[in-house]
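Turn these sequences into a full structure, and let the hints guide you.
Read top to bottom, the protein sequences are chains A and B. First residue of the first sequence? That's 0 in numbering that gives the first Met the number 0, and the numbers climb one at a time after it. First residue of the second sequence? That's 0 in numbering that gives the first Met the number 0, and the numbers climb one at a time after it.
Treat the hints with care, as some may be off.
[Said to hold, decoys possible] Between beta-carbon pairs, the in silico distance windows are:
id	chain 1	residue 1	chain 2	residue 2	range
1	A	Lys-12	B	Glu-295	22 to 32 Å
2	B	Gln-82	A	Ala-122	21 to 31 Å
3	B	Glu-421	A	Thr-268	36 to 46 Å
4	A	Val-11	B	Ser-455	56 to 66 Å
5	A	Phe-26	B	Glu-421	58 to 68 Å
[To be verified] Take a look, some chain B residues computed to stay more than 12 Å from chain A by CB distance:
id	residue
6	Glu-32
7	Thr-81
8	Arg-84
9	Glu-110
10	Ala-169
11	Arg-378
No lab work stands behind these hints: they were computed from the structure. Cβ atoms here follow ideal geometry from the backbone N, Cα and C, with glycine treated the same way.
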Amino acid sequence: MAVIAPILGRLVKALVTLLAIAVLNFFLIHAAPGDPAVVLAGEAGAADEQMIAQLRERFGLDQPFHVQLGSYVWNIVRLDFGYSFRQGAPVLDLILDRLPATLILTLTAFCISLTLGIALGVAASARVGKASDSLLTTLALLFYATPLYWAALMAVLVFSVELGWLPGFGYETVGAGYTGLARIGDVIRHLILPASTLGLFFMAVYMRMTRASMLEVAQMDFVKTARAKGLSGPVIRRRHVLRNAILPVVTLAGLQAGQLVGGAVLTETVFAWPGIGRLMFESLAARDYNTILGVFLVSAAMVIAFNILTDLVYRLVDPRIGARA
Amino acid sequence: MRPVLTIEDLSIALPAGADRPHAVSGMSMTIGEGEILCVVGESGSGKSMTANALMGLLPPGVTVAGGRAVFDGRDVLALPETQRRALRGRQIAMIFQEPMTALNPLMRIGEQISEVFAAHGMYGPTERERRTLALVTEVGLPDPAKIMRAYPFQLSGGQRQRAMIAMALALEPELLIADEPTTALDVTTQAQILDLILDLRRRRGMGVMFITHDFGVVAEIADKVIVMEKGIAVEQGSAAEVLDTPQHPYTSRLLDAIPTGRLPEARSLEPAPVLELKGLRKVYRTGGGLFRPPREVRAVDDVSLTIGRGEVLGLVGESGSGKSTLGRTVVRLVTPDAGQVLVGGTDLAALSEEELRKSRGKVQMVFQDPYASLNPRHRILRALTAGPVAMGRPRAAAEAKARELLEIVGLGPEAAERFPHEFSGGQRQRIGIARALAMEPELIVADEAVSALDVSIQAQVLDLLRDLRARLGLSILFITHDLRVAAQLCDRIAVMQTGRLVEMGAVHDIFLAPRDPYTRALLAAVPGADWAAENRMAGNAEGARP
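Quick look at the structure:
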């Protein structure tokens, strides 16, 4: 009960936010230079009067402004994001087609970076001041400072071009016709390079944050209490320090999780990964408005969804939050 | 009596660059079975370091330089870490000063207590559960089954300290080290915790090393006393000997510095009021949302009072009584929901932001924490002149005034060019007072202004306030949780409980003939009240003593 009420409140707020984004979308279409019908017709490749009139009628562009707004929002509510003339398919189909590839890539990177980052952060904090701690923090700083696209290009150069260990681009081997387990294995082989380059940066961030947070919590009074109880070092670190130190990491992970859909544009482009990021990039280059706005809306929905999820995780980790709110 | 712990010639070295080479040097003492030894001293005297050394919990860089601590036939200081860990929590247990931060905020109370059994591999899960419940019951926590499932934030300060004690008692240690366990608690809660410790000592026969700075607490529970000054045990003996016939001048100084409740002479005052509060109310609403009504706390509930020109009114109450909210309302850091704050005829509560800024100078505040209330990057001169300059006084005049004020509060004008970190806590509080005076206020609100200071420093700051009251005719609203301190300085005392004013009267009337049951409870809870009363009689009998 104590958990459900605030989440219901959150959901209501989320829906209102999404609606606001949809309205903003609508205004963006109308802010595009010229008559949307002319733009759309131009994209469809034919610009004669009859076609434009047809488009006007079809999209209700001859209707008054508020009616257009209403029908646009109503379409969004029915999950109708419009039609991409460039790609010759409904925008929703395009997005749903690309979504799995992106989620596989970003979720893998997310899990790798979070697990490794926290583990290495804990390890470094336990050896603070020693050589292994310095090595770990220096590496983390290096990963943190390296631009993502450069790391990606270097990874392709070394592991794919020079060593030939892993495929350097694509989602699966085109034309190999793998099925079942063989296909899964093929996708995983393709996944390793993009997922690790994408994950590396965030791993470094999580590691630094975990280490700093662990060291800070280790100074707190209740850790001294734990020592006074006669608990051993590893138990104190796991049960007392880590649980408290993880809170800022959760906040940051929530921010990264919000980027799961839209945040892999660079990686997807370098590795020719057929995901949402590339769809967005291509649509931008081609001025494919409907698709861009569709991706925009889906990304926004993702950010909001992960915000709510982060709040939930927070409530699970920290009992004080639910009680105070 | 069988000795539980014998310390011989203990020395603890501080890291190079500290203000002295040894935190503790050449300390020896014995604690017998069922005996309470109080280690008394001011901050930095090395009393906590001694405890930490025994537990093997010294901070990094601080090391035991010499001496032995024989416990259970072994020198605990020479044991390897694994054996020391086996000792901690099982044979020697410790409780700490801050019950708010000494418990893990994310773990249930029950888990934290039964963890002691787990740490030493004792008993199975059901037996641990059963024993935890028994412990929670033994330390007098209400509704034990529910408390076990509660998180620390759901408990009050006193309840948390009880939970800490339950944890310490889990494996029936022979020695309990208590490091200022009641300092952060309200007087009535403190009295209960002291009773609990006395009761447990009686029933379990464990030795207790009780670290405190408060001679009132010593009078209440100690069998033996050690007085420490700058790492050296300057005096030790039975409680009666040390309290009644102190040998060392430092002990006498500490004893003299304690506000004993020796009441000052009543003064005659002009009736003209500086501050009038009329029907003041402040309600805090927390929580609430789409589906829940908010929770209301009446922090200040229909309070009316006046402070005369040149009068010091003590506002006394426990935490949560609303005394600080009242103080902040008078300065209008908090805007009241209803009522008037009349300062020299102007209602501060009704002023707009713009008008308020012009009138801010009329009431000034001195805060509790002298470390947090001065901007660490501003020189003292800037701290003292920023206010007057903002009110339109010429800079040169403000600076001259600032130097003069620093002289008045006993620091000397050269203090103006220095930064806050160069001063001790007591000196910073003097700066805080000078800062308030720089605005030439009609009233000063001092919120727990001496609570964070050591007794001897506290006495000096109280002297300063008394002196300023006499020289400048200051009017002060003196907010404190400590009745003994209030008695030292105030003309009248107002007692607050849960937002309401329960009693107000002259210091003599409040102390000698309290009418409200809550005032009586507060007075009875003051540690060492009986001893202080004897002392007062002795002091009054002597009469001639200055």
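How the hints compare with the structure:
1. A:Lys-12 with B:Glu-295: 22 to 32 Å: Given a distance of about 25 Å, which is inside 22 to 32 Å, the answer is holds.
2. B:Gln-82 with A:Ala-122: 21 to 31 Å: 27 Å, holds
3. B:Glu-421 with A:Thr-268: 36 to 46 Å: 57 Å, violated
4. A:Val-11 with B:Ser-455: 56 to 66 Å: Holds, since A:Val-11 and B:Ser-455 (Cβ atoms, about 60 Å apart) stay within the stated range.
5. A:Phe-26 with B:Glu-421: 58 to 68 Å: Roughly 59 Å apart at Cβ, these two residues keep to the hinted range, so it holds.
6. Glu-32: At roughly 21 Å from the nearest Cβ of chain A, B:Glu-32 sits farther out than 12 Å, so the non-interface label holds.
7. Thr-81: 9 Å, violated
8. Arg-84: 5 Å, violated
9. Glu-110: 9 Å, violated
10. Ala-169: 8 Å, violated
11. Arg-378: For B:Arg-378, whose nearest Cβ neighbour in chain A is about 30 Å away, the distance exceeds 12 Å, so it holds.
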